[in-house]
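K.L.:
Chains A and B, in that order, are what the protein sequence lines are.
Reminder that position 217 of the first sequence reads as 217 in our numbering, one-by-one numbering, no gaps.
Reminder that position 218 of the second sequence reads as 218 in our numbering, one-by-one numbering, no gaps.
Heads up, some of the hints might be wrong.
The list treats identical chains as one, so a pair stands whether inside a single copy or across any two.
Stated by the list, open to error - List time: in silico BS3-like cross-link candidates among lysine-lysine, alpha-carbon distance up to 27 Å:
(1) 301 / 166
(2) 308 / 112
(3) 30 / 60
(4) 240 / 92
(5) 30 / 166
(6) 26 / 112
(7) 26 / 240
(8) 26 / 389
(9) 240 / 303
(10) 5 / 251
(11) 166 / 5
(12) 389 / 166
(13) 92 / 373
(14) 112 / 240
(15) 301 / 251
Bear in mind the hints are in silico, worked out from the structure with no lab data behind them.
2 protein chains.
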Amino acid sequence: MADAKPEISFIGLGAMGFGMATNLVKQGYKVTGFDVWQPTLDRFQATGGSIATTPAEAVKDKDYCVCMVATAQQAQSVIIEGDNAALSSLPKGATLLLCSTVPCAYVQGLEKQLTYLERGDIRLIDAPVSGGAARAADGTLSIMAGGSDEALEKGRFLLQEMSDPKKLYIVQGGVGAGSNMKMCHQVLAANQILAASEGLGFASHLGLDLHSASQEIIKSDAWAWMFENRLPRMLDPEFKPVASALTIILKDTSIITSEARRAAFPTPMTNTAEQVYFSGLGRGYGPDDDSSLIRLYTEGKGKIGPVKGLAENDESKLALVKALLRGIYLCSAAETIAFAKRCNLDLDQVFELCINAAGGSAILQTVGPEIIKLARGEQISVGDSQGLKEHAQQLQEAIEEAQRLKVPVYLGSQALTLTQFALQFSSEAVGNVPRAAVARVWGI
Amino acid sequence: MADAKPEISFIGLGAMGFGMATNLVKQGYKVTGFDVWQPTLDRFQATGGSIATTPAEAVKDKDYCVCMVATAQQAQSVIIEGDNAALSSLPKGATLLLCSTVPCAYVQGLEKQLTYLERGDIRLIDAPVSGGAARAADGTLSIMAGGSDEALEKGRFLLQEMSDPKKLYIVQGGVGAGSNMKMCHQVLAANQILAASEGLGFASHLGLDLHSASQEIIKSDAWAWMFENRLPRMLDPEFKPVASALTIILKDTSIITSEARRAAFPTPMTNTAEQVYFSGLGRGYGPDDDSSLIRLYTEGKGKIGPVKGLAENDESKLALVKALLRGIYLCSAAETIAFAKRCNLDLDQVFELCINAAGGSAILQTVGPEIIKLARGEQISVGDSQGLKEHAQQLQEAIEEAQRLKVPVYLGSQALTLTQFALQFSSEAVGNVPRAAVARVWGI
Numbered sequence: 001m002a003d004a005k006p007e008i009s010f011i012g013l014g015a016m017g018f019g020m021a022t023n024l025v026k027q028g029y030k031v032t033g034f035d036v037w038q039p040t041l042d043r044f045q046a047t048g049g050s051i052a053t054t055p056a057e058a059v060k061d062k063d064y065c066v067c068m069v070a071t072a073q074q075a076q077s078v079i080i081e082g083d084n085a086a087l088s089s090l091p092k093g094a095t096l097l098l099c100s101t102v103p104c105a106y107v108q109g110l111e112k113q114l115t116y117l118e119r120g121d122i123r124l125i126d127a128p129v130s131g132g133a134a135r136a137a138d139g140t141l142s143i144m145a146g147g148s149d150e151a152l153e154k155g156r157f158l159l160q161e162m163s164d165p166k167k168l169y170i171v172q173g174g175v176g177a178g179s180n181m182k183m184c185h186q187v188l189a190a191n192q193i194l195a196a197s198e199g200l201g202f203a204s205h206l207g208l209d210l211h212s213a214s215q216e217i218i219k220s221d222a223w224a225w226m227f228e229n230r231l232p233r234m235l236d237p238e239f240k241p242v243a244s245a246l247t248i249i250l251k252d253t254s255i256i257t258s259e260a261r262r263a264a265f266p267t268p269m270t271n272t273a274e275q276v277y278f279s280g281l282g283r284g285y286g287p288d289d290d291s292s293l294i295r296l297y298t299e300g301k302g303k304i305g306p307v308k309g310l311a312e313n314d315e316s317k318l319a320l321v322k323a324l325l326r327g328i329y330l331c332s333a334a335e336t337i338a339f340a341k342r343c344n345l346d347l348d349q350v351f352e353l354c355i356n357a358a359g360g361s362a363i364l365q366t367v368g369p370e371i372i373k374l375a376r377g378e379q380i381s382v383g384d385s386q387g388l389k390e391h392a393q394q395l396q397e398a399i400e401e402a403q404r405l406k407v408p409v410y411l412g413s414q415a416l417t418l419t420q421f422a423l424q425f426s427s428e429a430v431g432n433v434p435r436a437a438v439a440r441v442w443g444i
Numbered sequence: 001m002a003d004a005k006p007e008i009s010f011i012g013l014g015a016m017g018f019g020m021a022t023n024l025v026k027q028g029y030k031v032t033g034f035d036v037w038q039p040t041l042d043r044f045q046a047t048g049g050s051i052a053t054t055p056a057e058a059v060k061d062k063d064y065c066v067c068m069v070a071t072a073q074q075a076q077s078v079i080i081e082g083d084n085a086a087l088s089s090l091p092k093g094a095t096l097l098l099c100s101t102v103p104c105a106y107v108q109g110l111e112k113q114l115t116y117l118e119r120g121d122i123r124l125i126d127a128p129v130s131g132g133a134a135r136a137a138d139g140t141l142s143i144m145a146g147g148s149d150e151a152l153e154k155g156r157f158l159l160q161e162m163s164d165p166k167k168l169y170i171v172q173g174g175v176g177a178g179s180n181m182k183m184c185h186q187v188l189a190a191n192q193i194l195a196a197s198e199g200l201g202f203a204s205h206l207g208l209d210l211h212s213a214s215q216e217i218i219k220s221d222a223w224a225w226m227f228e229n230r231l232p233r234m235l236d237p238e239f240k241p242v243a244s245a246l247t248i249i250l251k252d253t254s255i256i257t258s259e260a261r262r263a264a265f266p267t268p269m270t271n272t273a274e275q276v277y278f279s280g281l282g283r284g285y286g287p288d289d290d291s292s293l294i295r296l297y298t299e300g301k302g303k304i305g306p307v308k309g310l311a312e313n314d315e316s317k318l319a320l321v322k323a324l325l326r327g328i329y330l331c332s333a334a335e336t337i338a339f340a341k342r343c344n345l346d347l348d349q350v351f352e353l354c355i356n357a358a359g360g361s362a363i364l365q366t367v368g369p370e371i372i373k374l375a376r377g378e379q380i381s382v383g384d385s386q387g388l389k390e391h392a393q394q395l396q397e398a399i400e401e402a403q404r405l406k407v408p409v410y411l412g413s414q415a416l417t418l419t420q421f422a423l424q425f426s427s428e429a430v431g432n433v434p435r436a437a438v439a440r441v442w443g444i
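Given the sequences, and given the hints that come with them, work out the whole structure.
P.N.:
Structure representation (structure tokens):
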């Protein structure tokens with residue numbers, strides 16, 4: 001393999017796929033790309049790639065195929081159902097990496113379809129990625145890969161070419177496990193992208209200076225990767241540059257909620273985020289950067305008549321914003337870990353992935369391991385850290401101030417409800433209740 | 001009393017107060033009115049009332065005072081704290097009816113303030129009303145009155161003059177009980193006003209003819225008083241006439257959620273409605289009729305790219321809308337009854353009030369008595385009626401279709417989450433689970 005690198009076909013040369021495919025070209029592979037958008041093919045050819053005019057033509061005689069289209073519908077079309085779909089031309093025993101973010105249900109169904117179509121010889125790897133276009137082009141993505149041992153063995157070199165060595169997660173559980181892993185990470189993403197807008201929108205209504213307040217937040221236990229990452233664009237009057245459109249996170253959000261319904265597993269936080277995302281879409285914000293959702297929170301400022309909060313100085317106002325964010329992050333963490341447990345994922349691996357990726361938060365770092373202990377039936381104690389009652393009290397004060405200022409706090413309000421439920425379940429407990437116990441709402 | 005009708009002072013001549021006060025004039029009482037808005041005083045004088053320039057002047061030498069200002073803050077000002085407040089001039093042993101909708105906490109605090117201020121002689125009646133301006137002027141309001149036996153005895157004739165005899169509810173529990181009763185009714189109002197917009201907005205995205213679909217809904221088990229009442233204005237392109245502004249229901253909604261937090265009682269449905277109301281306020285819809293919130297659901301129609309639902313004909317689309325509405329109404333009913341139980345109200349009386357008032361729905365009529373049985377620890381069976389699992393399945397299909405159409409369904413989504421929680425609690429139950437069991441989420 002080191003001497004004669006195998007030929008690769010690459011279907012789907014969008015923002016991510018283009019970077020991934022050109023990286024493989026740079027690494028010395030002969031890559032034949034396909035996309036429906038001719039200018040992209042021309043660009044790919046200019047970087048040294050070969051091109052094909054149909055998926056079938058692209059995959060012909062190549063033992064490896066990477067598919068990086070946008071949706072499950074597109075994957076179904078280019079692999080199985082569309083004109084000149086790949087399937088009939090895929091060589092016997094070919095390795096197929098589906099890197100698109102799709103529902104677990106889809107990729108498991110794809111595996112079954114291959115069997116029914118008498119193409120069980122194809123080695124399918126379910127390998128969604130995360131990390132953005134720049135890391136795609138660098139070959140330093142995070143990849144969560146599931147499949148048979150044989151398929152993973154065959155495809156490992158490709159996974160390694162595309163990923164950061166520390167961020168290649170081989171997920172136990174076969175095809176679908178990679179998609180489930182990515183989905184659970186996206187629970188954090190879906191909630192924490194919106195939390196950034198909700199938190200900074202609340203700060204705006206409180207009258208805080210957003211630049212200095214947000215720097216304080218980033219240094220505090222209310223830090224989250226998404227808040228820090230979205231901050232410059234939230235503060236830009238035009239929410240530019242567009243780094244990740246609302247439609248992107250909405251697609252992932254809908255995968256979470258539909259898979260959760262399929263499992264009869266409640267995802268109250270993500271459901272709430274999804275409704276707000278739909279409202280943003282209805283406002284025409286779909287193509288805009290997701291940081292622009294702060295508009296949904298700030299648009300009423302100064303136009304809703306006289307309102308007066310109780311917080312009198314910047315310190316107490318900042319404390320309210322942080323309490324709101326911590327409240328959301330705690331419930332996001334609990335929803336993520338509980339859902340990962342339901343999906344039979346290795347919770348230590350989920351934690352490691354999330355804490356080192358876009359789902360990271362200081363709350364996840366602190367409380368996540370405790371939630372995982374609870375999920376395993378181990379005992380935990382509140383120790384010296386903040387208890388759930390104090391946490392709830394601080395969140396409640398934030399929600400009350402938001403009510404006085406007449407600003408919506410969709411996620412914060414939902415988080416308080418869930419925290420109240422958790423405290424009711426724990427009413428018989430002696431002494432203080434640890435924060436991780438909020439996860440009892442999700443059946444942990 | 002029949003021969004010499006007592007003099008009445010009346011503070012607060014807004015839309016409701018003006019009608020109530022002029023009705024008392026028509027009934028032959030000498031009524032002295034006060035309001036901060038001079039043109040209103042002139043109008044009141046023209047109908048035969050007397051007028052005063054301060055609260056203190058209005059109440060002087062009158063054994064009865066009705067206070068019908070808009071908020072607790074205003075009540076505190078005109079009765080206790082403001083310039084020329086009523087308190088110092090109220091005769092010894094006067095009867096004071098506070099008819100404003102205020103938090104229970106406020107009116108109970110007012111009772112304490114009177115004691116501390118050595119005016120425990122004043123007979124305070126907590127008597128919020130409902131029914132709108134027309135019924136105020138007719139003397140056929142619904143009134144929910146709490147107070148000491150002595151105060152209620154003294155004030156009964158006034159309560160009777162202002163109310164429909166079938167809709168005067170003397171609520172056990174002293175001062176505060178009337179406010180709690182009204183608050184619990186408003187849980188239904190807060191949710192079902194928004195449900196009307198959410199349901200018809202969903203119908204619009206489904207492509208249903210809204211006129212015929214809504215007539216079908218009104219005839220069905222998805223009927224609610226609020227839907228029928230708001231319908232003409234939802235269908236009017238300008239949402240006219242303004243019968244009840246968004247700011248009005250938002251005020252009541254915030255009373256519910258703040259009182260619920262004070263009791264550490266979760267109100268997930270009303271919390272959700274409140275956030276959407278705040279978003280409407282931020283859009284500048286505060287003074288508009290609350291039926292105009294349908295705009296928050298329909299604004300994206302046709303502008304969010306290609307979407308396609310699964311429902312193929314009008315019958316199946318209508319079934320989805322009805323399932324959405326029933327799902328919301330069931331959780332509204334459970335939240336209402338559970339909160340009423342927490343407030344130690346007589347649940348039969350709550351039911352009688354709600355079913356005959358603006359909170360009524362076909363679901364409340366059917367399932368409400370079963371929830372009340374559960375609240376009393378009585379056994380219920382699913383019998384021949386629909387079970388919770390089937391109810392949840394139908395609601396889930398509606399939520400899934402809304403997701404395909406990319407339309408927000410804030411209340412429906414929350415209702416599904418709560419129904420899922422309830423089914424988890426009931427997972428050990430043998431056989432079918434009755435719909436009323438959804439109330440277990442609220443600790444019933």
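K.L.:
Work down the list of hints and note, for each, if the structure agrees.
P.N.:
Results of checking the hints against the structure:
| no. | hint | in the structure |
| --- | --- | --- |
| 1 | 301 / 166 | neither (44 Å within a copy, 45 Å between copies) |
| 2 | 308 / 112 | between (60 Å within a copy, 26 Å between copies) |
| 3 | 30 / 60 | within (13 Å within a copy, 97 Å between copies) |
| 4 | 240 / 92 | neither (47 Å within a copy, 68 Å between copies) |
| 5 | 30 / 166 | within (26 Å within a copy, 85 Å between copies) |
| 6 | 26 / 112 | neither (35 Å within a copy, 80 Å between copies) |
| 7 | 26 / 240 | neither (30 Å within a copy, 65 Å between copies) |
| 8 | 26 / 389 | neither (55 Å within a copy, 55 Å between copies) |
| 9 | 240 / 303 | both (25 Å within a copy, 22 Å between copies) |
| 10 | 5 / 251 | neither (35 Å within a copy, 69 Å between copies) |
| 11 | 166 / 5 | within (23 Å within a copy, 88 Å between copies) |
| 12 | 389 / 166 | neither (37 Å within a copy, 45 Å between copies) |
| 13 | 92 / 373 | neither (45 Å within a copy, 65 Å between copies) |
| 14 | 112 / 240 | neither (43 Å within a copy, 56 Å between copies) |
| 15 | 301 / 251 | between (30 Å within a copy, 18 Å between copies) |
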